[in-house]
Amino acid sequence: MRKNLFQINSFRNKYQTLVNEINLIEDSLKALTDSELRAKNFQLKQQYKDTQDLSPLIAESFALTREASLRTLGLRHFDVQLIGGLVLNNQKIAEMKTGEGKTLVATLPACLNALTNNGVHIVTVNDYLASRDQVSMSQIYKFLGFDTGLIQNDMTSLERKKNYNADITYVTNYELTFDFLRDNMALNLTDVVLRPFNYCIIDEVDSILIDEAQTPLIISNNIETPVDKYIIAAEITNYLTLNIHYKVDEKNKNVILTDQGSKQIEQILRIQDLYDVRDPWIPYVINAIKANALFFNNVHYIVQNDRIVIVDEFTGRIMPDRRWGDGLHQAIEAKEKLPIRQKTETVAAITYQNFFLLYPKLSGMTGTGKTAEIEFEKIYNLSVEEIPTARPTLRKDLPDLIYKDQFSKWSAIAQTCNQISLTGQPILIGTTTVEKSEMLAQLLNEYRLSYQILNAKPENVRRESEIVAQAGKKGAITIATNMAGRGTDIILGGNINFKIQKELYDILTVARNYVLSKNMNILQSPLKTKFDWSSQKFLSVLTSLVADSNFLKLSDIDILRILRENDKISIPNNSYTCSIKFLIDELVLYYRKSQEQENRIVKNLGGLYIIGTERNDSRRVDNQLRGRCGRQGDPGTSRFFLSLDDNLLRLFGGPKIQEFMQTQMMDDSPLESNFLTRSLDSAQERVEERAYQQRKNLFDYDDILNKQRNIIYFERRQILNSASNQKNILAYGEQIITDIFLELKKERASKKDILLLFENLFGKDLSLLSSKNAKALTDDFSWTELKLYLFNEFWLTYQSKINELAVYGDGICENLERSIILINIDRIWREHLQKMTLLREAVGWRGYGQRNPLYEYKQEAFYLFENRKKILRHLVIYDLLRSSIL
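Mapped onto UniProt numbering, the consecutive letters of the sequence shown carry residue numbers 1 to 886.
In case anyone wonders, no lab produced these hints; they're calculated from the structure. Wrong hints could be hidden among the right ones.
With a Cα cut of at most 25 Å, we get these calculated PhoX-like pairs of lysine-lysine [stated by the list, open to error]: (1) Lys835 x Lys343; (2) Lys870 x Lys835; (3) Lys474 x Lys603.
Every value quoted in this text rests on a predicted model; they were computed, and no experiment measured them.
Kindly produce the complete structure, drawing on both the sequences and the hints.
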């Protein structure tokens, strides 16, 4: 309590002036009408347009947003939420505990920065959250005169462009990044959907900028795949033995083939050399061993519709659009005996690290950011500010219980669930994999306990928001693979919204079907017992609704969709949505009292009880699970159950822990020890440090490629925006002539050889051009004159091509030139990416020769990049002078 008060005082001292100013302005706004408030916001827009400075507008903009929120949503920002908004506007990360209203906080800096008319992106981790937040918060934005956009997976380019042009756009990190990559592959300006970046707020910023920063986002094309090699390699693994033929490095997720293993495989395949560059088998064998030893079904992936679908280890969600690279995905398909899809080659790629650094102004929100503050500061230049809670935190974090083995641990978890469930206290159990969540479910079945399970299986994902929302209901037991970015608040006593949706769905569908079949009054239907509580107004509205011909045309799915999108029908757009909205409001009023009673009962029971079944590699993931209870001053309890053979202890605990445990644990009784807790914390810190170093290493290497990427994309955008590229074409041709001419002159090539070479480039016979050509071959014709002669021939050839294309219409030549340049830029960049991948693998071995791999990578990457300019010039001129329109 004292710590909480100290934090609040510390923050209020830091931001007190602005908070006081906002509160004073808010008082003056209460007397204004809605249209007067909107006019105030337009005045701020004009003021920014005149001064190009947002700083003087912060207090008034925040006060306007707060008042708009109160009038539209009935939610007034707390002072600590104002502080959170100020932190976000200062280009920092606001760490706010779960349930403290991060979604509402984001509206404050969003409205302020939307005054610039340059766009604001609010980035979330999945489509559901983006849609939910846009629907609910758009009421505030519309009130103030801003328009909002939403990017979803199935949108067309035209829809995306329209939504990105909105003042404030909600989008997932995945969609945003791929739209950026696609924009930089576009051949026409009309296909570009994004405008220049301005300001970005990232929700669950640690999940996006840290957990997902390890994996680059790649757009790829299919290439020919040797399917038989993957199948044979998968079969070979059946004849290999761990620690004899190969060794497994679990820490680094790698396998090492021994000499004995190499010989065994060569004998099986009847080949001389696994590493033969003309027909290499080693990558297929290594991937097959990895697939068997390091990647497991219902842990790292699930099998769905005869396809391998990756499970995100940090969020527990499936990632249907992602695949492992370098042949690993195909190796796992072969292992599971599924159809093997084609391999791919990279067309465009970027990491989240370098993508989000493109924003001039960047900020983020999370419930767990402090543990990764060093990484945020070093890579993204983002400091983390811990925002105090609006009410004191009452959560009790109990010491970890450590058991000698997995069997004892899981048995204890099931027994604990059975004991707690007898009191009615709701329980939320966090597991690390699909497999373990289903195993625990089987254990609870033995105690005849009812539960809800939320993991990556499609049948569970569809009910995600409902399962999470009702996890706080009395007697509820919920098993979840991970609680990061779920986006739905757990309300103690249960969430009445889902209960209302279900009841009203039953009423509306039964009533509609009864009226359609019987053509009788609704009060005579089988539902009449449900109306004992209802008001006369409720019955009157319901009766008129089922008499509405438009409503009667709705299917059951239509009714369900309308009920689930209740917020979207806040403004009626047809004859029946207003009636449905009224019925929902009536049911809310009726059930609110019982929900409040349930809330008090569950609070008296101790609130939500969190059980962690394993310490994760990151402390942040553990804290995300703990943070699901004790929200907004609610009580709650958390406890982790661990075993000696958990991955964290086994791989990173060290020999001292193993020795300590063996001497202390004589039976199935758990052990509580400060030494072990400290050791676990230390092990997590070591894992986090390893992961950070890997991400830092990726960032250092990708930073070199990123500089090259920025140059390519800048040049590409200039070409795309230009009305004519004739100056570029002329410059390319003249530079080619100059480069080749100087090179051949050094080698003392004959003038005849030079002319023959340029005949190939120009695509025509220079010997037939004129009598001057004969003179060009004589000794008294100087090298300077020969060079000028070649320039003239290029200009004539190019002009001839322009005249040839001009007959097809205006702009044809310009469009063709633009397309040829862009296609060749993309082609060379694609080949460059492949070379850079090979280069990185090659320089890695140079560390054994006491050479700095990163320095070597920088040097050779520079030469590779410089060479691509020369290749581009040749390809463009060669293709253009031979182009035709059929």
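Do the hints match the structure? See the list:
no., hint, verdict
1, Lys835 x Lys343, "holds, 17 Å"
2, Lys870 x Lys835, "holds, 16 Å"
3, Lys474 x Lys603, "holds, 10 Å"
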